[in-house]
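4 protein chains.
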Amino acid sequence: MSDDLESRLAFVREFAQTSPYYKAMGMSIVEIEDRRAVLRVEIQDAHLNADGIVHGGVLPAIADGAMGNALRTLRGEAAQVFTVEASLQYLRPVTGGSLLAEGRVVQSGRRISFADVEIRDEASGKTVARGTGVFVIQDKG
Amino acid sequence: MSDDLESRLAFVREFAQTSPYYKAMGMSIVEIEDRRAVLRVEIQDAHLNADGIVHGGVLPAIADGAMGNALRTLRGEAAQVFTVEASLQYLRPVTGGSLLAEGRVVQSGRRISFADVEIRDEASGKTVARGTGVFVIQDKG
Amino acid sequence: MSDDLESRLAFVREFAQTSPYYKAMGMSIVEIEDRRAVLRVEIQDAHLNADGIVHGGVLPAIADGAMGNALRTLRGEAAQVFTVEASLQYLRPVTGGSLLAEGRVVQSGRRISFADVEIRDEASGKTVARGTGVFVIQDKG
Amino acid sequence: MSDDLESRLAFVREFAQTSPYYKAMGMSIVEIEDRRAVLRVEIQDAHLNADGIVHGGVLPAIADGAMGNALRTLRGEAAQVFTVEASLQYLRPVTGGSLLAEGRVVQSGRRISFADVEIRDEASGKTVARGTGVFVIQDKG
Chain A
1 MSDDLESRLA
11 FVREFAQTSP
21 YYKAMGMSIV
31 EIEDRRAVLR
41 VEIQDAHLNA
51 DGIVHGGVLP
61 AIADGAMGNA
71 LRTLRGEAAQ
81 VFTVEASLQY
91 LRPVTGGSLL
101 AEGRVVQSGR
111 RISFADVEIR
121 DEASGKTVAR
131 GTGVFVIQDK
141 G
Chain B
142 MSDDLESRLA
152 FVREFAQTSP
162 YYKAMGMSIV
172 EIEDRRAVLR
182 VEIQDAHLNA
192 DGIVHGGVLP
202 AIADGAMGNA
212 LRTLRGEAAQ
222 VFTVEASLQY
232 LRPVTGGSLL
242 AEGRVVQSGR
252 RISFADVEIR
262 DEASGKTVAR
272 GTGVFVIQDK
282 G
Chain C
283 MSDDLESRLA
293 FVREFAQTSP
303 YYKAMGMSIV
313 EIEDRRAVLR
323 VEIQDAHLNA
333 DGIVHGGVLP
343 AIADGAMGNA
353 LRTLRGEAAQ
363 VFTVEASLQY
373 LRPVTGGSLL
383 AEGRVVQSGR
393 RISFADVEIR
403 DEASGKTVAR
413 GTGVFVIQDK
423 G
Chain D
424 MSDDLESRLA
434 FVREFAQTSP
444 YYKAMGMSIV
454 EIEDRRAVLR
464 VEIQDAHLNA
474 DGIVHGGVLP
484 AIADGAMGNA
494 LRTLRGEAAQ
504 VFTVEASLQY
514 LRPVTGGSLL
524 AEGRVVQSGR
534 RISFADVEIR
544 DEASGKTVAR
554 GTGVFVIQDK
564 G
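Chains as they are written, first to last, in our numbering: chain A, 1 to 141; chain B, 142 to 282; chain C, 283 to 423; chain D, 424 to 564.
For reference, chain A alone in the conformation it holds in the complex:
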C-alpha cells in the first residue's frame, strides 16, 4: 500500500473518530480501504420511534456516512465531500441488533462523484436497505 493511500485512510479513520455525529449515533468505521468503507452501528433505544421500529432517518444516516467515507479515501484531507442527492430503498424493517453499512465509490469525476451503499443486519447477514448517492468533492482552502 502506498504511503499516500495510507495517509488518506488514516485521515478518514481520524475524521470518523472525531466527528461528533458519529459519536452521537454510535457509528464507527470497521473497514476502510481505497474507495470502500464499512460502518457499524449498534441499534440503541435512541434510534427508535415510539412504536419500537427504528426511525426512518437512522438508515440514511449510516448510508451517507459509509458513502462519504468511501469517497474521502480518494483525496483524504485535501478535499471536502458534499452530498448532493441520496436515495435509499428500505427492504426490511429493523427493530434491533447491529447494522453494517458498506459504501463504495461507483465513479468519481472532476465535477461529480457517485457512490452506493448496502446495509446488512450483522447477525443474519440479510440486506435491510440499499442506496445510492451523488456527491461533489471540493478542494479545501
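All the pointers check out, no bait thrown in.
Just so you have them, the derived chain B footprint on chain C, three or more residues with Cβ under 8 Å: (1) 365 to 373; (2) 387 to 399; (3) 409 to 422.
Think of the hints as simulated: they come from the structure by calculation, not from any bench. Remember, it's a predicted structure, so these values are computed and weren't measured experimentally. Quick reminder that beta carbons are idealized off the backbone N, C-alpha and C, glycines included.
With the hints as your guide, set chains B, C and D onto chain A.
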C-alpha cells in the same frame, strides 16, 4: 375540526414526544394538521462532522420524520407507517442554526402512499433541501 | 422581457423542434418562460406495453424533457445540459389521453443545478407523476 | 428448469415482442431468466437531442423495461407490474452505439418489490448508468 381528526393529531404529537429518536436528535413537532407536519431541529454539535459541516444523515432524518408524521395524521394510532423509499436533494450546505422541515402527503392509496418534504433554514427562510418518499401504511394488530 | 431572455427562449423552442427524440415521442413545448417549461405529449399506441398500460419509461422521458428545457432557459445556446440523476414517483397509472409535464428550475449553482417536474393528465388536471433531477450545465466550446 | 418457470419466461419474451413501445424504441430482450432480464437497444437518430446527445429519457426507458421484465419472471401472465418509483444515476454521456440494460429483482414481497438495473455500452462494456426501482405486482382478473 372533527373529533376524529383531533384524536389523530393528538396521537401524532404524542408519538413524536415519546419517540426516543426525536429526543436524541433534538427534533420536535411545531405544526401538525391534516396531511401536513412541520418539524423543528436546532443544529447541535452532535449533528456535525469533524469539518464542521452538518452530517449528510441529519437532513434525511428530519425529512423522514416530517413526511412520516404528515402520513400518521391519516390513520392515527390505527396504523403504522413504514418508509419504502426516500430521496433527498441537498440544495445548500448547513453549518448551524435551526431547521424547519415541512412534510406533506402527496397521495395516499390502499397500497402505497407518497409524501414530500421541504427543509428550510429557520432564520433566513431559505430552502436547504427537498425530498420525496414512498411509504406503506399498515393496519396495526 | 429582455432581448437576451427572448433569444434564450427561442433557442429552447428551436432545440425541442429540431430534436429527433421529441418528434419520435410526439413531444412538444407548449409553454416556455424563464426557468420553467411545459411539455405536452399525446399518448399513442407506440407508448404502450402489451397490456395497454403506458410503459414506465414514457413518463421519465417527458419529465427529463421538461426539466432539461426549464434549465436550458438559463444559458440558452451557450451551454449544454446533462442529466446527472433523476427520480420519479408514479402516482397514477396512465392508459391514454394527453399529458402535460411542467418542469421548473429549483436552484442553479456553479457546479450543480436542481429541477423538479409535475406531470398531469391534460383532460382531468390530475397529477399522474412527480419527479426531481440533478443536472450539470456545461459551457459549450 | 421447471415447466412453470419456462412458461413465465415465455410470457415475458412474448410481452416484450408484442409491446408497441419496445418496437418504437428499438428495444429487445437478449437474455431472460428467473429474476433477471437483459434488454438491448441500438441508439438511433430518434433517441437524440438536437445537440447529438442521447435524450435523458432514453436511459430510464430501457432501465424500466429491464427491471419490469425481471419482475415479470416472478408471476408471468398471472400478474401486472406497476412502477411506483424509479431513480437513475447517469455516469457517462451516451452518443451512439448499442446499450445493454441488465435488470434484477432485489426483493419481492407481498406488497412491494424492489429491482435494480445497470446499463452498459455494449462495445466497451463500460457502465453508463445505474438505477433502482420500487414496484407493485398486482393480480390480474
